[in-house]
Amino acid sequence: MAITGITDATRAEVARSLTGKRRDIAETLFSLVLLLTLIIALAVLIVLLFNVARTAVPLLAHQGGRVLGNDYSSLPQNAGIRSGLIGSIYLMIFVILLAVPLGIGAAIYMEEYARDTRLARFINTNIRNLAGVPAIVYGILGFAVFAQLLGSVTGPKVAGLSLLTGGLTISLMVLPIVIITTQEALRSVPTSIREGGFGVGATRWEVIRSHVLPNAAPGILTGSVLAMARALGETAPLIMVGAVTGFLSTHGGPLASLRQKFTALPTLIFTYTKKPLPELQDLAAAAILVLILMIFFVNLTAILLRNRYERKW
Amino acid sequence: MAQAVISTPITAEVLRGNPARLRRERRMRALFFSAALLSVLISIAIVLSLLGGTIDFLRKVDLSTLWSDGWLPRNNLFDIKTIVAGTLIVALIAMVVAAPLGLGAALYLSEYATPRARRYLKPIIETLASIPSVVLGYFAIRVISPELVQRLFGSQVPLFNMLAAGIAVGLLVTPLVASVAEDAMHAVPHALREASFGLGARRRSTSIRVVFPAAVSGITAALILGVSRAIGETMIVAIVAGGTGGSLFTLNPLKGGQTMTAAIAALATGSDQVRGTDAAYPSLFFVGLLLFALTLGLNLLSERFVRRVRRRF
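Protein chains in written order, with this note's numbering: chain L, 1 to 313; chain F, 314 to 626.
Keep in mind that the hints were calculated from the coordinates and are not lab data. The beta-carbon is built from N, C-alpha and C at its ideal position, and this holds for glycine as well. Please note: incorrect hints may appear among the correct ones.
A short, non-exhaustive set of chain F residues, derived as facing chain L with CB atoms under 7 angstroms [said to hold, decoys possible]:
(1) Ala348
(2) Ile355
(3) Ser362
(4) Leu441
(5) Tyr451
(6) Phe452
(7) Val456
(8) Pro459
(9) Thr533
(10) Thr574
(11) Gly601
(12) Thr608
Footprint (simulated), chain F over chain L, 3 or more residues, beta carbon under 8 angstroms [claimed, not checked]:
(13) 105-112
(14) 171-177
(15) 282-295
Generate coordinates for the entire structure from the input sequences, incorporating the hints supplied.
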């Protein structure tokens, strides 16, 4: 049945709008604007890296031995970043030994043991809120609690502002990150895997150890690595617990260092950035390059782990 | 049908299982529970240490100085409105930068980018989020302030100003906003988009009229989270906002100002520190409590919006 009462002009216009390849300017513009925002966001990274590298690469190439081998100094010809590098590695060890096992333990309780009680919901909300607490507030905690409690261990000269205090503070700060990422990894293991274990009479812990943890390991590892990256870059809590002076004693090995003053790469960057001498500010650039390379390396490890072991159930 | 042969008689003892295994089970459960409980202890420790110091501060301080001309702890001036105004100005500038960049990038990644491009771009955005704030602080004082702010507004603008700090904080929170908002947009069911395309809508109308409203809770959560992070950010403002040694009350972003976080850092690192003599030292806890309450409120609000998304889809 033919449609009647339509003029040829209308017919032509309908045909044109249905078949025509008119460029939609607004549409193109919109997608370009969106693409531009993404490019600006990424360009910041490139400009930043370029700016830092322009200062840092020549410095490291010509005087790398001095920069990486010397400790903090306010004299440009003696100044280096070694103490910060060692301090950051010490802090990493704290995170691995303290935050990672505690975080995994807490996550296992929340996901595998806890029933949906009011207490469990409260702990869960509490963990989520802890993750959003500004880093500097953890610094106040470290300074008000750990530094006071450990004052007797370190003696009056250090006044509790030691590597031990710094390590404890930074571990508490990343603890919620470890818990939340581990919870997600545990949640992604299907219930049927657990039921297989329960079916042959295993206790809950045996099921967790033999069935749940091996399957959740890649996710847990990724989360732990990301927490380490976060701990590497965080500055604010460390300057609260006295890492700003730039000294770190390595006499007598790591255990003796625990009771001494400390520093880390990000706090050293802060200290050098605030110096009026341009040569010392350039050292900040060198420290930034080293720190960013470390963080990118750690992040890359996490991404590769995720891609390599990710399993879809 | 073969009957199961039971060689040992079934007693209550056999059904109860091996007591050593059960003891071990209880021990592991207690261990994990204490790890989970630790997070509650951390929260309690944070609140108690902040409250204790605040009470100490309010007892020592002359209350009229809490509403005066500026935040100058060395002169016993503790004007709350100065640090709150500084914090809000920096956070506002940060969101003016981060909201369009973050949401634009998120919309592009979720609606326009091919799945392949998305797979590469998302990790890059996440890497961007791992750049330490102290690095952006260095970038702010070496590049943003001299090359952008002073070039635009003339060299009479001081090197240390709140605008440069706000822009840098904005760049810092952009990846966070982009990542959370993209998750929300990606979670919008495909059926909604297909219905829109089926009616003849273009990608732009679909993005703005269908995806955006459907994801609005998650997008709001992303923005609130961004504000919360901007308020809690310390190192950038400590380096470039110009609050070292305190600041007079100002609403002009081209001047130096003091934020809550920078005030805490300045008190702790010694530039404003007058230990034990007056109210300057305990004022740190007072500002900390203010900051903690503000970010906690924002985080709880954001959590509520996120939960609304989960309920819908």
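Checklist line | Check of the region 105-112 of chain L against chain F for coverage (Cβ-Cβ below 8 angstroms, three residues minimum) | finding: Since three or more residues must qualify, the claim that chain F covers the region 105-112 of chain L holds, with 6 doing so at under 8 angstroms.
Notebook entry, point to check: Hint check: is the beta carbon of glycine 601 of chain F less than 7 angstroms from a beta carbon of chain L?
Noted result: Result: holds, 5 angstroms to nearest chain L Cβ.
Checklist line | Restraint outcome when threonine 533 of chain F is required to lie within 7 angstroms of chain L by C-beta distance | finding: violated, 16 angstroms
Check: Is the hint on serine 362 of chain F kept, meaning its closest Cβ partner in chain L is under 7 angstroms away?
Finding: holds, 4 angstroms
Next item on the list: Let me know if the C-beta of proline 459 of chain F comes in closer than 7 angstroms to any C-beta of chain L, holds or violated.
Entry: violated, 12 angstroms
Item checked: Outcome, coverage hint (the region 171-177 of chain L, chain F; C-beta under 8 angstroms; three residues) -> holds (count 3)
Margin query: Less than 7 angstroms between beta-carbons is the criterion; does phenylalanine 452 of chain F satisfy it with respect to chain L?
Written below: holds, 5 angstroms
Next item on the list: Answer holds if the nearest beta-carbon of chain L is closer than 7 angstroms to that of threonine 608 of chain F; otherwise answer violated.
Entry: holds, 6 angstroms
Checklist line | Restraint check, 7 angstroms cut-off on beta carbons, for isoleucine 355 of chain F near chain L | finding: Interface hint status for isoleucine 355 of chain F: holds (6 angstroms vs cutoff 7 angstroms).
Notebook entry, point to check: Holds or violated: threonine 574 of chain F as interface residue toward chain L, Cβ cutoff 7 angstroms?
Noted result: holds, 5 angstroms
Next item on the list: Go check the region 282-295 of chain L versus chain F for me, would you? Three or more residues, Cβ under 8 angstroms, otherwise it fails.
Entry: Since 6 is at least three, the answer is holds.
Margin query: Under 7 angstroms is the threshold here; is the Cβ of leucine 441 of chain F close enough to any Cβ of chain L for the hint to stand?
Written below: Holds, because the Cβ-Cβ distance from leucine 441 of chain F to chain L comes to roughly 5 angstroms (cut-off 7 angstroms).
The earlier numbered hints that this structure contradicts are 8, 9.
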